[in-house]
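Here our numbering is used: the first residue of the sequence shown is 1, the next is one more, and so on.
What you were told as hints is all true, and nothing was included just to trick you.
Pairs of lysine to any residue residues, derived as SDA-like cross-links and limited to a Cα-Cα distance of at most 20 angstroms, are as follows:
1) Lys-150 to Pro-115
2) Lys-132 to Asn-156
3) Lys-132 to Arg-154
4) Lys-21 to Glu-33
5) Lys-107 to Asp-436
6) Lys-107 to Ser-461
7) Lys-153 to His-282
8) Lys-21 to Thr-32
9) Lys-291 to Thr-312
10) Lys-21 to Ala-533
11) Lys-59 to Arg-418
12) Lys-253 to Pro-318
13) Lys-59 to Ser-24
14) Lys-253 to His-218
15) Lys-59 to Arg-411
16) Lys-59 to Glu-34
17) Lys-153 to Tyr-123
18) Lys-291 to Ala-563
19) Lys-132 to Arg-85
20) Lys-107 to Pro-433
21) Lys-150 to Glu-97
22) Lys-132 to His-89
23) Lys-21 to Glu-66
24) Lys-419 to Val-400
25) Lys-59 to Arg-23
26) Lys-21 to Arg-465
27) Lys-132 to Glu-88
28) Lys-59 to Arg-238
29) Lys-21 to Ala-31
30) Lys-150 to Leu-108
31) Lys-21 to Ser-502
32) Lys-59 to Arg-417
33) Lys-253 to Asp-381
34) Lys-28 to Val-223
35) Lys-150 to Leu-116
36) Lys-21 to Asp-226
Please keep in mind that the hints were generated in silico from the structure rather than gathered at the bench.
Computed from a predicted model, the values in this text were never measured in an experiment.
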Amino acid sequence: MRSESAALRQQSTEGVIPPTKPRSERLKSLATEEFDVLVIGGGVTGAGTARDAVLRGLKVALVEREDFASGTSSRSSRLIHGGLRYLEHGHLGLVFESSIERQRLLKLAPHLVRPLAFVWPVYAGARVPRWKLNAGLMLYDALSLFRNVKGYKRLNREQLHAAEPALRTDELKGGARYYDAATDDARLTLANALGASESGAVVLNHASVQRLTVVDGHARGAVVVDHLTGQELTVRARAIVNATGPWSDEIRKLDASGGNVHAVRGSKGVHISVPRERLGNHDALTLLSPKDGRVMFVLPADVFTIIGTTETSTRAHPAEVRASETDVAYLLESANAFFPEAHLTRADVVSAWAGIRPLSATGYHGTQADPGSASREHHIDVSPTGVLAISGGKLTTYRVMARDVVDAVERQLGQPRRKSPTETLPLPGGDIPRMDAELAAARETIGDAATATHLVRAYGSRWRRVWDLTREDASLARPLAEGLPYRAAEAVWGVTHEFVHSLSDLLIRRLKVGFETRDLGRGAAQVAAEVIAPRLGWDAAETQRQLDTYASDALRIFGVDSAES
1 MRSESAALRQ QSTEGVIPPT KPRSERLKSL ATEEFDVLVI GGGVTGAGTA
51 RDAVLRGLKV ALVEREDFAS GTSSRSSRLI HGGLRYLEHG HLGLVFESSI
101 ERQRLLKLAP HLVRPLAFVW PVYAGARVPR WKLNAGLMLY DALSLFRNVK
151 GYKRLNREQL HAAEPALRTD ELKGGARYYD AATDDARLTL ANALGASESG
201 AVVLNHASVQ RLTVVDGHAR GAVVVDHLTG QELTVRARAI VNATGPWSDE
251 IRKLDASGGN VHAVRGSKGV HISVPRERLG NHDALTLLSP KDGRVMFVLP
301 ADVFTIIGTT ETSTRAHPAE VRASETDVAY LLESANAFFP EAHLTRADVV
351 SAWAGIRPLS ATGYHGTQAD PGSASREHHI DVSPTGVLAI SGGKLTTYRV
401 MARDVVDAVE RQLGQPRRKS PTETLPLPGG DIPRMDAELA AARETIGDAA
451 TATHLVRAYG SRWRRVWDLT REDASLARPL AEGLPYRAAE AVWGVTHEFV
501 HSLSDLLIRR LKVGFETRDL GRGAAQVAAE VIAPRLGWDA AETQRQLDTY
551 ASDALRIFGV DSAES
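The task is simple: from the sequences and hints, build the whole structure.
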């Protein structure tokens with residue numbers, strides 16, 4: 001078992017950022033070493049669990065079937081928020097916990113988590129009248145111990161119109177402004193995986209668990225297949241964590257002990273992206289859809305606006321879940337009701353995507369309960385063979401979920417509980433004293449404000465290392481997609497430092513190209529392939545196969561079904 005101090009020393013050495021260990025070396029470690037804990041699943045919870053565990057001194061392995069954040073963790077509303085709407089359902093404890101975590105992440109990952117102002121307009125006859133909204137926001141601020149970015153502010157009709165002039169004004173009564181935070185969900189997940197790796201965990205994407213190894217009634221590892229080489233290996237571990245989110249019931253089925261294999265009930269959430277100029281929103285907005293009264297968001301995302309989300313029960317497989325035309329029409333109609341001059345149509349949609357929230361079945365009240373009212377509290381269960389499985393929760397509270405899982409691992413291993421270092425240790429790239437100064441330095445160095453802002457927000461204090469690649473090879477300064485701030489240097493950095501093994505890893509999860517181009521990144525894939533093919537050893541035939549695979553991935557994720565699935 002590694003010492004905790006050694007893990008902390010390695011994690012805090014931000015000045016030196018070595019490349020990730022070769023995949024062959026990581027595969028050898030998985031096959032030959034014995035681990036304290038094997039974490040299955042590279043979403044934000046699994047990656048966070050691996051980082052927490054290794055920082056406490058445990059010997060950790062993390063395996064992910066596809067790529068880090070390839071499921072729900074890259075298809076969210078990209079919010080770190082207290083969960084104002086959960087107050088309606090009486091989930092005060094979750095709101096308190098979320099509000100504290102929001103404040104913590106603003107400090108520990110200032111590049112990835114940044115304040116976001118919201119406006120909530122109230123119209124005549126709204127389900128939530130002004131008095132109820134103000135009372136809720138007062139409680140919301142109180143549950144954050146009044147430590148939010150700013151306190152909420154009541155807005156009269158004129159103030160609200162001045163704040164968001166494109167909003168519909170007929171029957172507008174006023175509203176309020178309050179604050180939450182925005183994030184890059186996939187990169188927040190990646191930061192945890194990188195933090196785990198840099199502190200000594202053996203981390204592997206594109207490798208799936210085929211079966212569990214059970215010895216004398218206790219789970220003691222798993223048989224893992226590396227999808228890139230076809231190699232099959234056995235990973236030995238004293239404890240196993242199932243952190244696979246919507247896939248967690250599939251891992252439960254591999255457990256020889258059986259048990260509850262229906263512990264998760266999926267809720268589908270759909271978002272669409274449109275050009276921001278088409279809607280005209282200044283800040284983020286919280287709205288009540290005129291279709292059904294549910295809470296939805298209009299969120300600024302640089303030159304785009306994200307509209308979401310739906311919340312419907314689904315039986316779709318997590319790997320195949322997509323938006324439907326019904327979902328898209330719902331979101332467009334809801335947005336048009338508040339922005340009457342926008343006249344958004346299907347042609348305005350740049351991309352649409354869906355994710356499955358892995359809600360704990362115990363969080364529902366009755367078999368026909370509305371997913372929107374189901375609790376987002378997380379739940380940890382232990383199978384008869386000792387496999388720890390976590391379900392429920394939300395992006396904002398991932399660190400708490402990870403902490404609780406590692407506490408359970410320590411109990412299972414008979415070790416004294418240690419305080420989680422993740423409470424105070426910045427995520428990789430998060431050692432930034434002042435974001436405004438970092439942004440100014442990047443703009444001066446790079447000379448392009450959009451690229452500078454993107455690099456700082458994506459890589460934090462490591463942006464200089466990425467940009468330095470353009471000094472070694474000027475061709476790496478070229479854009480991957482016209483009109484977007486992503487540069488070829490990021491493709492190289494992704495391969496050497498961020499576990500990129502495919503075009504989808506790069507263009508859908510390390511960067512948001514797939515979300516922000518009408519061809520879903522297919523054109524950028526051609527450019528990126530030229531950069532990474534020689535670095536990954538692809539010949540012409542393999543490069544074409546990778547391009548074809550990317551096109552299939554983009555359609556699988558961003559395609560829109562004609563009927564409800």
